[in-house]
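For my numbering, add 485 to where a residue sits in the sequence shown, where the first one is 1.
Calculated from the structure, these hints are not laboratory results.
If a hint is listed, it holds; no wrong ones were tucked in.
Below, computed lysine to aspartate or glutamate pairings styled on EDC-like, alpha-carbon distance capped at 20 Å:
hint: 1; residue 1: LYS672; residue 2: GLU688
hint: 2; residue 1: LYS646; residue 2: ASP622
hint: 3; residue 1: LYS672; residue 2: ASP687
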Amino acid sequence: MLSLVVFLPVLAAIVLAAMPRITDAAARWIWLVVTLLDLVLVVGMWLAYRDPGAGNLAFEEQLPWIPNVGSTYHLGVDGLSLPLVALTSLIFVVCAVFALRHTDRPRSQAALFLFLQTSSLGVFAAQDLILFFVFFDLSIVGMYFVIAGWGHGNAARSALKFFLYTFLGSLALLVGFIGLYLGSAAKTFDMALLAASPPFGDEPVIGGLVLAAVFIGLAIKTPTFPFHTWLPPAHTDAPAIGSVVLASIMLKMGTYGFVRIAMPLLPDAWREWAWLIVVIGIISVLYGALVALAQTDVKRMIAYTSVNHMGYVILAVGAAGVVTDSAAQAREVAITGAVVQMVSHGLITGALFLLAGVLFDRTGSYDIGSYGGLAAPAPRYAAFFAVAAFASLGLPGFSGFIAEFQIFAGSIGPVPWTALALPGILITAALFLRALQRMLTGETRGLSRGFRDLDRWEILAIATLLLLAVIIGIVPRFLLDVVEPASSVVVDLVSR
Numbered sequence: 486m487l488s489l490v491v492f493l494p495v496l497a498a499i500v501l502a503a504m505p506r507i508t509d510a511a512a513r514w515i516w517l518v519v520t521l522l523d524l525v526l527v528v529g530m531w532l533a534y535r536d537p538g539a540g541n542l543a544f545e546e547q548l549p550w551i552p553n554v555g556s557t558y559h560l561g562v563d564g565l566s567l568p569l570v571a572l573t574s575l576i577f578v579v580c581a582v583f584a585l586r587h588t589d590r591p592r593s594q595a596a597l598f599l600f601l602q603t604s605s606l607g608v609f610a611a612q613d614l615i616l617f618f619v620f621f622d623l624s625i626v627g628m629y630f631v632i633a634g635w636g637h638g639n640a641a642r643s644a645l646k647f648f649l650y651t652f653l654g655s656l657a658l659l660v661g662f663i664g665l666y667l668g669s670a671a672k673t674f675d676m677a678l679l680a681a682s683p684p685f686g687d688e689p690v691i692g693g694l695v696l697a698a699v700f701i702g703l704a705i706k707t708p709t710f711p712f713h714t715w716l717p718p719a720h721t722d723a724p725a726i727g728s729v730v731l732a733s734i735m736l737k738m739g740t741y742g743f744v745r746i747a748m749p750l751l752p753d754a755w756r757e758w759a760w761l762i763v764v765i766g767i768i769s770v771l772y773g774a775l776v777a778l779a780q781t782d783v784k785r786m787i788a789y790t791s792v793n794h795m796g797y798v799i800l801a802v803g804a805a806g807v808v809t810d811s812a813a814q815a816r817e818v819a820i821t822g823a824v825v826q827m828v829s830h831g832l833i834t835g836a837l838f839l840l841a842g843v844l845f846d847r848t849g850s851y852d853i854g855s856y857g858g859l860a861a862p863a864p865r866y867a868a869f870f871a872v873a874a875f876a877s878l879g880l881p882g883f884s885g886f887i888a889e890f891q892i893f894a895g896s897i898g899p900v901p902w903t904a905l906a907l908p909g910i911l912i913t914a915a916l917f918l919r920a921l922q923r924m925l926t927g928e929t930r931g932l933s934r935g936f937r938d939l940d941r942w943e944i945l946a947i948a949t950l951l952l953l954a955v956i957i958g959i960v961p962r963f964l965l966d967v968v969e970p971a972s973s974v975v976v977d978l979v980s981r
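Kindly produce the complete structure, drawing on both the sequences and the hints.
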C-alpha cells in the first residue's frame with residue numbers, strides 16, 4: 486500500500502514522458518487525476534491508521550536492498566510521518582488544480598511534478614538512512630529543474646544557488662549517516678535499529694561531530710539561520726506552484742529530519758547541544774520576522790516568514806532536548822506543536838505563495854508599493870489574502886495558533902528563556918497588517934487598476950488550503966490524536 490502511494494506518481498510521470506502523443510490538455514488532467522488518486526489512498530491510510538506503539542511502524546514494508554552495508558528498502562509511517570505524507574499528497578493536488586490554466590509546456594511540467602511528488606513522499610516514508618538520502622537528493626534535482634525551467638527573473642542563477650546550497654547540505658547529511666553506520670553495533674542504516682541502540686553513547690565528542698554533520702545538512706534544508714540565504718532568491722524566481730512545493734513540503738524535510746533522525750538516533754549529543762539549538766531557533770524566529778518586515782517584495786516577505794515559522798520548530802525540538810524531571814509532559818507538547826507547525830505552515834504559506842503567484846501572473850510584479858486599493862477590483866483576492874495573512878500571524882481559529890501555542894507552552898517550562906522568541910509573533914502581525922493596508926485598502930492605484938479577480942481554479946486551490954487551516958484551528962483533535970503518541974516516543978528516546 487505504502488509503496489503504491491510513493492511510486493504511483495512517478496509511474497504516471499514515466500507514462501507522460503514516454504508517450505509524446507498525449508496532448509497538453511490531457512497531460513494536465515492526467516496529472517490531476519493521479520494526484521487525486523494518491524490522495525484518496527493516503528486518506529484511506531489515515532482512516533485505517535492505529536498507533537503502532539514505540540519502536541513500531543504502520544503500513545511497514547521491508548525488503549533486502551544493499552545487504553552488504555546493512556541497508557534495506559524499508560518504508561513505514563507513524564504519527565510523525567503520516568501527517569506529512571498526507572500534507573504532501575494534498576499540496577500536489579492543489580498544485581495540479583492551480584496549474585490547470587497553465588500553457589507553458591504542461592506535459593513536461595506535469596511529469597516533473599509527479600516525479601517530485603514521489604521523491605517527497607519517499608523522504609517521509611523512508612525508514613532507512615540511505616533510502617532517505619536517495620529520495621532527499623532526488624527532490625533537490627526535481628526542484629532545480631522546476632525553478633530553472635519554469636521560473637522567472639534570474640531563474641537560472643537562483644536554481645543554481647538552490648542546488649549548490651542544498652546539495653552541500655545533503656553531502657553533510659551523508660557524512661553524518663556514514664558516521665551513524667560506523668558507530669552502530671549492528672552496522673546498519675535502519676532507523677528503527679539505530680534508535681533502539683543509539684551509537685556513541687560513551688563517545689560524546691564523536692557523537693557531537695556526527696550530530697553537527699546531520700544538523701548542518703538538515704538546517705540548510707529547513708532553512709534556519711545562518712543557512713537560509715538560498716531561500717529568498719529561490720522563492721522569488723520560482724513559479725508559484727514551485728514555491729508552494731518548496732515551502733510546504735521541501736522545507737519540512739529538514740525539520741522532519743530533526744525529529745526522525747537527529748533526536749532519536751543521537752540522543753546524548755542532542756541533549757548536550759540542546760541549548761545551542763534553542764538559541765538558533767530564537768535567532769531564526771526574530772531574524773526571519775525582522776527581515777520580512779523590511780521587504781518591499783511580497784514574495785520575498787513570505788519567504789522570510791518561512792525562516793521565522795521554521796524557527797519555532799527549531800526552538801521546540803531544542804527545548805525538548807533539555808531534560809528535566811518535571812518537564813517531560815511539556816516537552817511532549819513542544820514536539821507535538823513542532824509537527825503541527827510543519828503541517829500548518831505548509832497549508833497557510835502554500836496559500837500565500839499561490840496568492841503571490843496570482844499577482845505575478847496578472848501584472849508581472851511582486852512589488853508591494855505598486856498596488857493599492859486592490860480590494861475594489863478584486864474582492865475575492867483581497868478576502869483570501871486577508872484570511873491567509875491572519876492565519877499566518879497565528880490568530881486563534883487557525884492552525885498556526887494551535888501550533889505556536891503548543892510550542893511555547895511546551896518550551897517555556899523546560900527552557901524559560903525561549904520566551905525571548907515571543908516578539909516574533911508581534912513582528913509577524915505587524916508585517917502582514919502593513920502589507921494588507923498598503924495593497925488592499927485605500928484608493929485603487931498603480932497595478933491594481935483593472936486587476937482580474939481570482940478564477941474558479943485559483944479559488945478552489947487556495948480555498949482548500951485555508952479551509953483545512955481553519956478546520957485544524959477549530960477541531961485539531963483528529964491531527965493531535967495521530968501526533969501525540971509519536972511525540973511521546975521521541976521524548977522518551979531523547980531522554981535515555
